[in-house]
Structures are given as structure tokens and as C-alpha cells.
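Asks: Now for the letters of each chain:
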Amino acid sequence: DTAVSQTPKYLVTQMGNDKSIKCEQNLGHDTMYWYKQDSKKFLKIMFSYNNKELIINETVPNRFSPKSPDKAHLNLHINSLELGDSAVYFCASSQGLAGDTDTQYFGPGTRLTVL
Amino acid sequence: AQSVSQHNHHVILSEAASLELGCNYSYGGTVNLFWYVQYPGQHLQLLLKYFSGDPLVKGIKGFEAEFIKSKFSFNLRKPSVQWSDTAEYFCAVNARVTDKLIFGTGTRLQVFP
Numbered sequence: 290d291t292a293v294s295q296t297p298k299y300l301v302t303q304m305g306n307d308k309s310i311k312c313e314q315n316l317g318h319d320t321m322y323w324y325k326q327d328s329k330k331f332l333k334i335m336f337s338y339n340n341k342e343l344i345i346n347e348t349v350p351n352r353f354s355p356k357s358p359d360k361a362h363l364n365l366h367i368n369s370l371e372l373g374d375s376a377v378y379f380c381a382s383s384q385g386l387a388g389d390t391d392t393q394y395f396g397p398g399t400r401l402t403v404l
Numbered sequence: 199a200q201s202v203s204q205h206n207h208h209v210i211l212s213e214a215a216s217l218e219l220g221c222n223y224s225y226g227g228t229v230n231l232f233w234y235v236q237y238p239g240q241h242l243q244l245l246l247k248y249f250s251g252d253p254l255v256k257g258i259k260g261f262e263a264e265f266i267k268s269k270f271s272f273n274l275r276k277p278s279v280q281w282s283d284t285a286e287y288f289c290a291v292n293a294r295v296t297d298k299l300i301f302g303t304g305t306r307l308q309v310f311p
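Each protein sequence line maps, in turn, to chains A and B. In my numbering, each residue carries its 1-based index in the first sequence increased by 289. In my numbering, each residue carries its 1-based index in the second sequence increased by 198.
FYI, nobody ran anything at the bench for these hints, they're computed from the structure. By construction, the Cβ of each residue, glycine as well, lies at the ideal position given by its N, Cα and C atoms. Hints may be right or wrong, so weigh each one.
[Said to hold, decoys possible] EDC-like cross-link-like pairs, simulated, lysine to aspartate or glutamate; straight-line CA separation at most 16 Å: (1) A:K329 to B:E286; (2) A:K356 to A:E313; (3) A:K333 to A:D319; (4) A:K341 to A:D319; (5) A:K356 to A:D307; (6) B:K247 to A:E342; (7) A:K356 to A:E342; (8) A:K330 to B:E286; (9) B:K267 to B:D252.
[To be verified] Far from chain A, some chain B residues (derived; all Cβ distances over 10 Å): (10) H205; (11) N206; (12) E218; (13) H241; (14) L242; (15) L244; (16) K259; (17) G260; (18) I266; (19) S278; (20) K298; (21) T303; (22) G304; (23) R306; (24) Q308; (25) P311.
[Stated by the list, open to error] Selected chain B positions facing chain A (Cβ under 10 Å, derived; list incomplete): (26) Y234; (27) Q240; (28) F288.
This is chain B alone, in the form it adopts within the complex (with noise of 0.2 Å):
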């Protein structure tokens, strides 16, 4: 069955720090790849998206995901945090011969000024 891995539970960080959010998953087919963000009492947002061509993927905010398929791994990743990043993010897959998108456990960010 597909399952999505988020190893960093909770990551706490100084304003300007750089960031980089882990994401596996187990499937070895073709799969669309997604981080989302969920800002505090907030609903979820797309940052970026994966579904085939250069892996390295540019998303809102400054952010960005490298997709590296013989790690099965999608990591987000952010050069320079701000207080505002502070969220709940959720790594999410789905595969093409399937209609769910499986979410990763989240990772919650605390950035501190």
C-alpha cells in the first residue's frame, strides 16, 4: 500500500535559517507529488507540485521540492525562513493508477524572530 514518511515532526528554527522538510514515500510507479501548507486555523494550501519534467520544483513563498526518484523522496526546502512561514506542512502523493492522495503525517514549523 502507498504511504507517505515526514521523518522531521516538529522543526524549530531562527528567522533567516535555512530549511529543508523530508518527505518519502513507497510506491514504485508513477506518482504526482505535493507539498502543502496549513497556516495556523487555517485550511490547506498548495505551495508546489510534482507531476513529471525538471525535478527541481519551484513553489510560492520562495520555496521549493527536488524530486530524486531513486530516493523515492520529495524534500522542501527554503534558502531563508521568515516568522510568517510558521505552519503545519504536509507532504502528499498520489499514484496515476489510483484516486486517493495519501498525506504524510506533517511537519509542524516554528520560526522564531
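Just chain A, with the same shape it has in the complex (with noise of 0.2 Å):
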């Protein structure tokens, strides 16, 4: 059973395109979070959700856009692709904020490259 689920696994596309990346969770967590990892292997917070609700938006561009249709879910759309957004993007849910006592369990990233 997959406890973060992403798809799709790989991303390939042209500058100019919008795309989205989709996050499911089956641990009945009520937090969730995209992270970027950029090339260099650094890994960072973009967004977080509580119940469907936006907790973090850490200074990404308004081109991202995260959606919380249900506790469960996550999505990532990204309008105007950009060379810089190449990345591989990690989803990640936790029963809690981040704040909290509580692990944070990743899915199994999505490598997205812009050409």
C-alpha cells in the first residue's frame, strides 16, 4: 500500500506550458506539503495545507498553484513553465503541523524538466 503517492513520476516539457502535479495521501493525515529539490539536492518547503487550508505559501511565484480539493489530496499546477523550475517536487503529508510532534512522510517525487 503507498502511503504519499505522485504522479506522474516524470515530467518532460516545453517552456510557456502549464502543467500539474498530482498528490494523494491514504494515512488520513490532515497536513500536507509540496517541497522543491532543486539540482544541487537542497530541499524546501513551497507550500502546506491543514485541512484544506493554506498554512505556508514560503515566497514561491504566483505561478505555482497549489489545490486542496480534499484532506486527502494536493495538487501542484504551474502555469508558464520556466528553464528554473526543473526540479524534482516532493509531496509530503503528516497528522499535524509541522510545528507538532509529528513525522512528515514523503511520496516518491516527481522530476519535472523544462526545455
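Need the complex rebuilt from these two chains, each delivered in its own frame; the hints are there to steer you.
Replies: Below, the structure written as C-alpha cells:
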């Protein structure tokens, strides 16, 4: 059973396109996150949602728009893709908020390549 | 602002060697501490975590870490590494008063048979 799943695993697209990445967790968690891992493997939080409500928006360009239709899903839509958006995007979830004594569980990642 | 430093960027060891990876953080309040591992081509997996209590924490696959509050450190150790430990290791910290998990820049460990 996959706890946190993401689709697609790989995404190759042209500059200027719009694309979406989907994330689902079956852990019954209340909080979900999106992280970006750059080419140097540095991981940085982008967004977090708790019970479908936006908690963290970490100065991400507004071309990135997360959407949480329900607690178990957090999708990431990216408009007008740029070369610098190429990265691995990880979804994660936790029972409570990041400041609580909870562990975050990560999905397998989506490798986005913008040509 | 919170930050996490991992001083060893790339570590190369032979099998059976002992491992210690450094992690220091900058925050004076109460923190939660984590070590995650990312095997080649895979997602992050939790190795171990510290919330409170005994500062020596044991994790999966023979790893342990020690929280030294006075040094703001949470170093990862393993007495005898295996080839299968080859991976990227990330230290992560969150302050109880924030909602963010801050990651270090990672340490790439290569173990040769």
C-alpha cells in the first residue's frame, strides 16, 4: 500500500506550458506539503495545507498554485513553465502541523524537466 | 531565521568503516529533529527522529543519533556501514513554534565494498 503517491513520476515539457502534478495520501493525515528539490539536492518547503486550508506559502512565484480538493489530495499546478522550474517536486503529509511532534512522510517525487 | 548545516557534503567509506555525519542547527527554542535518507532514485525515508526524552535515539538499519542541546547538534552515527547505505542523508529541524521543516543541504555517502 502506497502511503503518499504522486503522478506523474516524470514530466518533460516545453517552456511556457502549463502542467499539474497530483498527490494523494491514504494515511488519514490532516496536513500536506509540497517541497522542491533542486539540482544540488537542496530541499525547500513551498506550500503546506492543513484540512484544505493554506498554512505556508513560502514566497513561491504565483505561477505555482496548489489546490486541495480534500484532505487526502494536494495538487500543484504550474503556469508558464520556466527553465528554472526544472527540479524534483516532493509531496509529503503529516498528522498535524509541522511544528507538532509529527513525522512527515514523503511521496516518490516528480522529476520535472523544462526544455 | 532557522537554518540547518551539514558540514560533510560528500563522504566516501569502505564497508565496515564507522560513520558520523554532522548536523548543526540554529534555533534557541524547543526543536524536533530528524534524519531522512534518500536512496538513489527513491523518495525520502525517515531514519530516526528526536522529539524529547533520551537524547540518544536509535533508528532503522543500525543508525543512531545523539542530540546535544548545548552544541545545537544532532549527529548521525553507524558503527559499521554497508554498501547498501550508499545514499543521500538529510538532517531536518523544525521549531515547535513554526510550521516549517527546514532541511540541511544533505550529505552524499558512498560506501565501497
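Asks: It remains to establish, for every hint, whether it holds in the given structure.
Replies: Going down the list of hints, with the structure as the test:
{"no.": "1", "hint": "A:K329 to B:E286", "result": "holds, 11 Å"}
{"no.": "2", "hint": "A:K356 to A:E313", "result": "holds, 12 Å"}
{"no.": "3", "hint": "A:K333 to A:D319", "result": "violated, 20 Å"}
{"no.": "4", "hint": "A:K341 to A:D319", "result": "holds, 8 Å"}
{"no.": "5", "hint": "A:K356 to A:D307", "result": "holds, 15 Å"}
{"no.": "6", "hint": "B:K247 to A:E342", "result": "violated, 27 Å"}
{"no.": "7", "hint": "A:K356 to A:E342", "result": "holds, 10 Å"}
{"no.": "8", "hint": "A:K330 to B:E286", "result": "holds, 9 Å"}
{"no.": "9", "hint": "B:K267 to B:D252", "result": "holds, 12 Å"}
{"no.": "10", "hint": "H205", "result": "holds, 15 Å"}
{"no.": "11", "hint": "N206", "result": "holds, 13 Å"}
{"no.": "12", "hint": "E218", "result": "holds, 20 Å"}
{"no.": "13", "hint": "H241", "result": "violated, 4 Å"}
{"no.": "14", "hint": "L242", "result": "violated, 4 Å"}
{"no.": "15", "hint": "L244", "result": "violated, 6 Å"}
{"no.": "16", "hint": "K259", "result": "holds, 17 Å"}
{"no.": "17", "hint": "G260", "result": "holds, 20 Å"}
{"no.": "18", "hint": "I266", "result": "holds, 20 Å"}
{"no.": "19", "hint": "S278", "result": "holds, 25 Å"}
{"no.": "20", "hint": "K298", "result": "violated, 5 Å"}
{"no.": "21", "hint": "T303", "result": "violated, 5 Å"}
{"no.": "22", "hint": "G304", "result": "violated, 5 Å"}
{"no.": "23", "hint": "R306", "result": "violated, 8 Å"}
{"no.": "24", "hint": "Q308", "result": "holds, 14 Å"}
{"no.": "25", "hint": "P311", "result": "holds, 24 Å"}
{"no.": "26", "hint": "Y234", "result": "holds, 8 Å"}
{"no.": "27", "hint": "Q240", "result": "holds, 7 Å"}
{"no.": "28", "hint": "F288", "result": "holds, 7 Å"}
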